[in-house]
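Starting from the structure of chain A, add chain B where the hints point.
Chain order of the listed sequences is A and B.
Each residue of the first sequence is one higher than the one before, starting from 1 at the first, in the numbering used here.
Each residue of the second sequence is one higher than the one before, starting from 1 at the first, in the numbering used here.
Since the hints were made in silico from the structure, they are not lab data.
We put the CB at the ideal spot given by N, CA and C, even for glycine.
Hints are not guaranteed to be accurate.
As the list claims (entries may be wrong) - Computed footprint of chain B on chain A, listed as stretches where at least three residues anywhere in the stretch have a Cβ under 8 angstroms from a Cβ of chain B:
hint, stretch
1, 51-61
2, 72-82
3, 113-123
4, 143-157
Stated by the list, open to error - Below, in silico cross-link-like pairs of lysine-lysine (DSS-like), each with a Cα-Cα straight-line distance of 30 angstroms or less:
hint, chain 1, residue 1, chain 2, residue 2
5, B, K194, B, K47
6, B, K178, B, K202
7, B, K202, A, K205
8, A, K205, B, K210
9, B, K210, B, K128
10, B, K202, A, K202
11, A, K202, A, K243
Unchecked claim - Covered stretches of chain B (chain A as the covering partner; in silico rule of three or more C-beta atoms under 8 angstroms from a C-beta of chain A):
hint, stretch
12, 49-55
13, 90-102
14, 200-206
15, 210-224
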Amino acid sequence: MTTIDLAALQQEGYTEVAGLPQVLADRPMHYCPGCHHGIAHRLVAEVLEELGQVERTICVSSIGCSVFIYNYMHLDTVEAPHGRAAAVATGVKRARPDAFVFTYQGDGDLASIGLAESMHCANRGEKLAIVFINNTVYGMTGGQMAPTTLPGQKTTTSPGGRCASTEGLPLKMAEIMAGLGGVAYSARAATTSLKRIVEAKKAIKAAFQCQLDGRGFGFVELLSACPTNWRMTPLQANERVEKELIPYFPLGVFKDDANDPACSVPGGES
Amino acid sequence: MSAPRKFLKGNEAVVYGALAAGCRCYFGYPITPQNDIPELMSSEMVKAGGQFVQAESEVGAANMLLGAAACGVRAFTSSSSPGVSLMQEAISYMAGSELPGVIVNMVRGGPGLGDIGSSQGDYFQAVKGGGHGDYRCYVLGPATCQEAYDHMIEAFDVAYAWRVPVMILGDAILGQMKEPVTTWTPEVNADAGKDWRLEGAKGRPERLLKSLFLEDGALAGHNAKLQARYRDMQALARLETVDVDDADLVIVAFGTIGRIARSAASQLRKQGYKVGVARPVTLFPFPTPQLQALAVPGRRFLTIEQNCGQMVEDVRLALAGKAEVAFHGHLPGNLPNPDDFIQPILDALAAKA
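Here chain A stands alone, though its shape is the one from the complex (with noise of 0.2 angstroms):
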């Protein structure tokens, strides 16, 4: 491992303009190279700390690469079984309602085993938001198709490509969370360069201040790339989220009840 020798480097005239938020772990990731995974954790780390929630969050970590959130994380947290992030996170809140939650969730986690979870939570406007990483790919497993597998991807289980007719077209979660009575707030951003990572980084806060304000259910889908499972080099990955995935997810808040005074509570988080 690598350590920075900070103190060393400012006498050499450099600045810091960025440290590691405190709620992150200093540790080196597991995550392959040129996975996203990393920045959305440093993302939810940074926002968690703004908004000030890091000692009283309990965080739901879910099935597949991203389970290990809780290596990386000095947060509360509870496993939970596969896709069922939103029903364990609808448990904490409950008995928990002073603790901010949220699930960090895959796109078969959540989009697949756990829709009928994920849709339901989100429609109870359970008050806590959800984290949404979609690579278009089964990560841990090894690369086979997801929900959000897009058109005429290969897998190891779509090998001719994902095929419409008999395999169904890709779900797009942040449109149909944002169709729900429930949700206060679902967005989709990427994070394939700085200006899409800023803005990734503010539709998390969005999606984490519904909760504080006691609106409701907080979405924000980020789309992900998986250079191993899609058989690239990183670059090559980043470039085909911009490319492929971008214009078929697009990028947008779907919806913000913020905006809408019938919608909003005032008075803080009920």
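Then chain B, alone, in the frame of chain A:
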């Protein structure tokens, strides 16, 4: 002042027992014959200042229970056979994560959709694990509405003392019959779970509740710890006995069937037959030592269940080499009464050499 008595259905006794035990979260999904539980909880839990959620499915309900349990808040869910099958995934995760939850199963006939009448067909599922992996739940088999109330209080205490899921294995008869219940309120240890529950990591290192152990040897160590716990729980095993001291034949039966068998044995006693009843109150841990103590030379045993033969395997294991064990299964799909058990008991007595 005498203890307050209420005239309650078994399902209602479960609700009031849970509330007395300090349960403050209920998650459930409707299924007959336990619908009185979510229906009553939807008002009573809210009155008690707790949370009621009608989940999207039994899968959702059991996982909500997992989440609340991780926070150290007393919570339970209830269902009946097909619904409890759906809950098994979460129960396995709770066992693996050492989480204390309470699950009530008012068993109905199976397999599959079966019927809505009473059955004991879920004995294997309840006491042998039920979900994937090596684990056990603490399982109680109430026979009366009073026990339904008392067992709920015990369930939360055991769940928190041992960090295990606890299952109440009732049935449609228990859920739907109505009896006087003496209610009481236990002292609840508010500190239970203080050293592991999730509440936000303010002023201390973060906590992690999980069932994933990938490092070489880690899972083996975790399983060894769980198995040691299950062995230690043997000290909690209980067997209720009636008229066993001079019995030629001891009937072994649990839950409402144990109660019906007791009526049958009582009828036969009046006719001069020396028949006793042993009713396992805890189904896991199974009261093996207590049963073994009853196995005196020349005494026979007859296991009666409302299934095709499940607990009889545990009775035979307990008594292996010490006594013969006959079995009578009253098939699910038929409601038993004491007269149904008379001939099987006489047959077992007649088989005595």
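Each hint tested on the structure:
1. 51-61: holds (count 7)
2. 72-82: holds (count 9)
3. 113-123: Coverage by chain B holds here, the residue count being 3 at a Cβ distance below 8 angstroms.
4. 143-157: Result for this restraint: violated, n = 0.
5. K194/B to K47/B: This hinted pair holds, its Cα atoms lying about 26 angstroms apart.
6. K178/B to K202/B: Judged against 30 angstroms, a Cα distance of about 48 angstroms means the pair is violated.
7. K202/B to K205/A: 21 angstroms, holds
8. K205/A to K210/B: Roughly 27 angstroms separates the two Cα atoms, so the pair holds.
9. K210/B to K128/B: 22 angstroms, holds
10. K202/B to K202/A: Within the cut-off at roughly 26 angstroms; holds.
11. K202/A to K243/A: At roughly 23 angstroms apart (the allowed maximum being 30 angstroms), K243/A and K202/A satisfy the hint.
12. 49-55: That given contact holds, which follows from 3 residues of the stretch 49-55 of chain B lying within Cβ reach (below 8 angstroms) of chain A.
13. 90-102: holds (count 3)
14. 200-206: holds (count 6)
15. 210-224: holds (count 3)
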